[in-house]
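Asker: Chains A and B, in that order, are what the protein sequence lines are.
If you read the first sequence in the working numbering, its first letter stands for residue 1, the second for the next number, and so on.
If you read the second sequence in the working numbering, its first letter stands for residue 1, the second for the next number, and so on.
For the record, the hints were derived by calculation from the structure and aren't laboratory data.
Every residue gets a Cβ at the ideal spot worked out from N, C-alpha and C, and that includes glycine.
Some hints here could point you the wrong way.
Mimicking BS3-like on lysine-lysine, the simulated pairs with C-alpha atoms at most 25 Å apart in a straight line are [to be verified]: (1) Lys-189/B / Lys-5/A; (2) Lys-266/A / Lys-27/A; (3) Lys-7/B / Lys-80/A; (4) Lys-22/B / Lys-147/B; (5) Lys-31/B / Lys-189/B; (6) Lys-189/B / Lys-53/A; (7) Lys-38/A / Lys-334/B; (8) Lys-57/A / Lys-403/B; (9) Lys-287/A / Lys-338/A; (10) Lys-31/B / Lys-81/A; (11) Lys-7/B / Lys-68/B; (12) Lys-147/B / Lys-127/A; (13) Lys-45/B / Lys-57/A; (14) Lys-81/A / Lys-403/B; (15) Lys-127/A / Lys-334/B; (16) Lys-417/B / Lys-403/B.
Take a look, some chain A residues computed to stay more than 12 Å from chain B by CB distance [stated by the list, open to error]: (17) Glu-88; (18) Gly-137; (19) Cys-167; (20) Gln-170; (21) Phe-339; (22) Ser-479.
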Amino acid sequence: MVKIKIDDKEIDVPQGTTVLQAAKANKIDIPYFCYHSKLSIAGNCRMCLVQIKGQNKPVISCREQVREGLEVDTKSPEVKKMQKGVLEFILVNHPLDCPICDQSGECVLQDNYFKYSKSSSRLEDQKIHKPKDKPLGPLVTLDDERCIVCTRCIRFCDEIAKTHELCVTQRGGHSEVTTFPGKALKNPYSLCTVDICPVGALTSTDFRFKKRVWFLKTAKSVCTHCATGCNIKMDWDDASVYRYRPRENEAVNQCWMCDEGRLSYKSINDATRVLDPLMKKEGKLQKVEWNEALQKVLSVCGGSLGDVKVVGVLSAQSTCEENFALYHFIKNGFKNSKFLATKKEVKNSSHDNFLIDADKNPNTNFLPLISVGHLSGAADEFPTGGIYFVLDHLTEAQKEKIIAANPRLVVWMTSNLSESGTWADVILPKPTFAEQDGTFINRQKRIQKADKAFEPKGHAKPVWETLAELAQRLDKPVSWNSAETVFKTLAESVSALKDLSYLKIGDQGVMVS
Amino acid sequence: MELILSKNWHVPDQRKLSVAEKNGAYSSLKKIFGMTPLQVIEEVKASGLRGRGGAGFATGMKWGFIPKDNKKPVYLINNFDESEPGTFKDRMIAEKDPHMIIEGMIIASYAIGAHTSYIYIRGEYHRPWEILEEALKEAYAKGYLGKNILGSGFDLDIFQHRGAGAYICGEETALLSSLEGGRGYPRIKPPFPAIAGAWACPTIVNNVETLSNIPYIINNGGAAFKKIGTEKSAGTKLMSASGHINKPGVYEVEMGLPIRTFIEEHLGGVWKGRKVKGVVPGGSSFAPLTNDEAMRTNLDFESCAAAGTSLGSGGFYVMDDTTCMVRLLQFTTKFYAHESCGQCTPCREGSGWIFKIARRIESGNGRERDLNLLEDVCSNVVNGRTICVFADAMAMPVQGFLKKFRNEFEEHIRLGKCPHG
């Protein structure tokens, strides 16, 4: 540790940190644009200039290493003039089109301007004009007039994605960020450049002009597109999700996420959502009231079942709570039970050595905790004449096997329906993970929580709620009445999750043994 | 006065090895191979030679910065990017006496322990490049370059690398970025090139003229060189003289020569019988001198610095009393706006803005507040606010012209037009 002084405040900081890092850690504000904790130091924005006692030239705090006795001034009149100067220079050729800029409201330039300048422009000459909507790749559109040439995006492609797609061309005020000739910005993480762009220059082609950001509400969540479980901020409004942004978790995804996962939010909003219970009548699925659907289930499940097996088909796609609620409901309610587990199988699925996992299921590591193995493909796996409760999606082959097993009843609990679905007798609509609390255990065996963003769409009901009601009517009541209490019961019955609670899992998740 | 650099420029075919050898080329090599590298560095230190590229840093001291315990390759870079407006002296050395450059590079490489050396040559300099290529070929053929030079056991390869037309690549760290195949962006210092330069290896970057002085220093001893010029500015200086003078050209003068003598005796005086209005002694990146100031100033580092300007790279130009200084500043600022690499915010945006204001004043659309604005914009780009000193080089002439010829700017604004038509 070394002792340094920032603005007359004495602080102890570890050797090897920079002045900017030391200031950040001690809640002293130093503005910056080009610095990013995961990228190399470019030192080009000049926003973080500070003065060091005994040195007549200012230094960039993002690069200045701390040393014993260092005295830093971040608020002297000279520093304030430099900060104002840099902001004025940035705005010389900036279009100031905040009213139509997607970044408006979450723009570092806006924030720094209001905090460190608030001066009106002294420019009386024409601004330089540049391309306003230049696609750099399939997912990213550049508004070059807003670019402040901080080169974060270039350094991201060079140092994190290692794909080297971007560069600066031209010189001086005419500098433009663009792709190398013949290249496009299409690395699997290209939308991270939009996240780290401090201004509205790099925009997500998907999100562009869709929503003013101040209308968006944010839920802390987890991406469900693969087994990695990147931590995300789910931005939503009016029961629709607008975008995912990576949420920092050093142990899982640092501050990045892949494009595929980022765009997987679309299934939450899309037209395949099941919003009402459906029942098979005369070979077709028809919309019914919840009561009618539940009556149908009760009429088959109630009373003596003899040696009829009640089969729970659990899913690596569903939350721990959904899986456990079904597991517990069947164990608690029926003598003769069996459990199977399914997962989404994707042929030639994308994967890399960074965040993209070939396993496209968010919860593969949960089912072994309740000793439910994944389908082995054995011929007698699907018991003949059984009652089936199915969570999420089956493969075509699995559906055929269930039909071939001549089931007494198939109850399918799903959020989306993009097929005829007539292999099921009753379809009970469940919310996606955006509309309920839930946990997933990722590839590292880290249990992570996805917070509920908004109420379930249509008449969808959480799995635990539906099953609690069925259990009640079957006179085999269960103790839980919320996702959190399902988790409590789960934690009590599985040793690996002993003593865990939503509170303990927190924002960053917990490793399970 | 003894000529060091231009002594053989008048000799026909001096660029040919056989002719150059008759005039002593490569005669210093035998001597250095009998010396240790450290002795060579000491000799150069004793000469008092200072860099001729603009900054005037002591050459021997720079060579001594290579870390003693270094295990990496060491590189010597000959900075032949010569791009400072008003400067065209290095090309004359290359065109007239290329072997002097190569000889200097061999000595410098030996002194710092470099076995690979580059000539980073301005892209537009096609003819000098050809001449140097030919000279390098001859030197290789004669065993002055390559393996085991003159049986000394010392190996050296020299390669030429052509720039792509960027002024900033004369800045030594931008040069290194460009040499490595990257965009010509200056690098943050420290580390200085002597510690981590080309490919992160210790590297010395010297100007062509600097290196061309080395054979003389070895042949005649540092002390002999030190006797020439002034106490702190030893040796001679090549001056590229242009502007409103009767005899423009490249002149080798002894350091300390009064500007008055230089103009009146060497350059044949101001053309058309006119008077001097201003002089820029060291290249466009520095403040101009008024006639009064110029007549009190000598051509050496100290005298120019004392007058608030710099000897720089010796880009000497004279403005006669009909010159529109506003127009001249407009040209100058246009150059810097065009050449700013665009890396640092203040320079990227300030360079264009300064030019636009200067152009507006020149065209008669200036406002009274513009002069203070120009000064304030300049104050926001200088003194460590950017990675390299380009921004300072852009601001110094603006500040200088405004200070010394302010009345002309005010007149433009008052009249709403250029009084010079």
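Asker: A separate judgement is required for each hint: does it hold in the structure or not?
Answerer: Hint check:
1. For the hint linking Lys-189/B to Lys-5/A, the alpha-carbon distance of about 24 Å falls within 25 Å, and the restraint holds.
2. A threshold of 25 Å between alpha carbons decides the hint, and for Lys-266/A with Lys-27/A the separation of about 38 Å lies outside it, so the pair is violated.
3. Simply put, Lys-7/B and Lys-80/A have alpha-carbon atoms about 55 Å apart, too far for the 25 Å limit, and the pair is violated.
4. Only pairs whose Cα atoms come within 25 Å are accepted, and Lys-22/B paired with Lys-147/B is accepted, the gap being roughly 24 Å.
5. Between Lys-31/B and Lys-189/B, the direct Cα distance comes to roughly 36 Å. Violation of the 25 Å bound is thereby established for this hinted pair.
6. Using a Cα cut-off of 25 Å, the hinted pair Lys-189/B and Lys-53/A holds, with the two alpha carbons roughly 19 Å apart.
7. Between the alpha carbons of Lys-38/A and Lys-334/B the distance comes to roughly 38 Å, so the proposed pair goes past 25 Å and is violated.
8. For the suggested pair Lys-57/A and Lys-403/B, the alpha carbons sit about 23 Å apart, so the restraint of at most 25 Å is met.
9. Simply put, Lys-287/A and Lys-338/A have alpha-carbon atoms about 29 Å apart, too far for the 25 Å limit, and the pair is violated.
10. Restraint check: the Cα-Cα separation between Lys-31/B and Lys-81/A comes to about 57 Å, which exceeds 25 Å; the hinted pair is violated.
11. Between Lys-7/B and Lys-68/B, the direct Cα distance comes to roughly 37 Å. Violation of the 25 Å bound is thereby established for this hinted pair.
12. Of the supplied pair hints, the one linking Lys-147/B and Lys-127/A is violated, its CA atoms being roughly 57 Å apart against a limit of 25 Å.
13. In summary, the hint linking Lys-45/B to Lys-57/A is not supported, as the alpha carbons are separated by about 29 Å, beyond the 25 Å threshold.
14. At roughly 22 Å between alpha-carbon atoms, Lys-81/A and Lys-403/B fall within 25 Å of each other, so this suggested pair holds.
15. Of the supplied pair hints, the one linking Lys-127/A and Lys-334/B holds, its CA atoms being roughly 16 Å apart against a limit of 25 Å.
16. This hinted pair checks out: Lys-417/B and Lys-403/B have alpha carbons roughly 20 Å apart, not beyond 25 Å.
17. For Glu-88/A, the non-interface assignment is contradicted: its Cβ lies about 7 Å from the closest Cβ of chain B, within the 12 Å cut-off.
18. In this structure Gly-137/A is separated from chain B by more than 12 Å, as the shortest Cβ-Cβ distance comes to about 21 Å.
19. Against the 12 Å criterion, Cys-167/A falls within the reach of chain B, whose nearest CB is about 7 Å from its own CB.
20. The claim that Gln-170/A lies off the interface is violated: its Cβ sits roughly 7 Å from the closest Cβ of chain B, which falls inside the 12 Å cut-off.
21. For Phe-339/A, the condition that its CB be more than 12 Å from all CB atoms of chain B holds, with the nearest at approximately 59 Å.
22. The claim that Ser-479/A lies off the interface holds: its Cβ sits roughly 62 Å from the closest Cβ of chain B, which is beyond the 12 Å cut-off.
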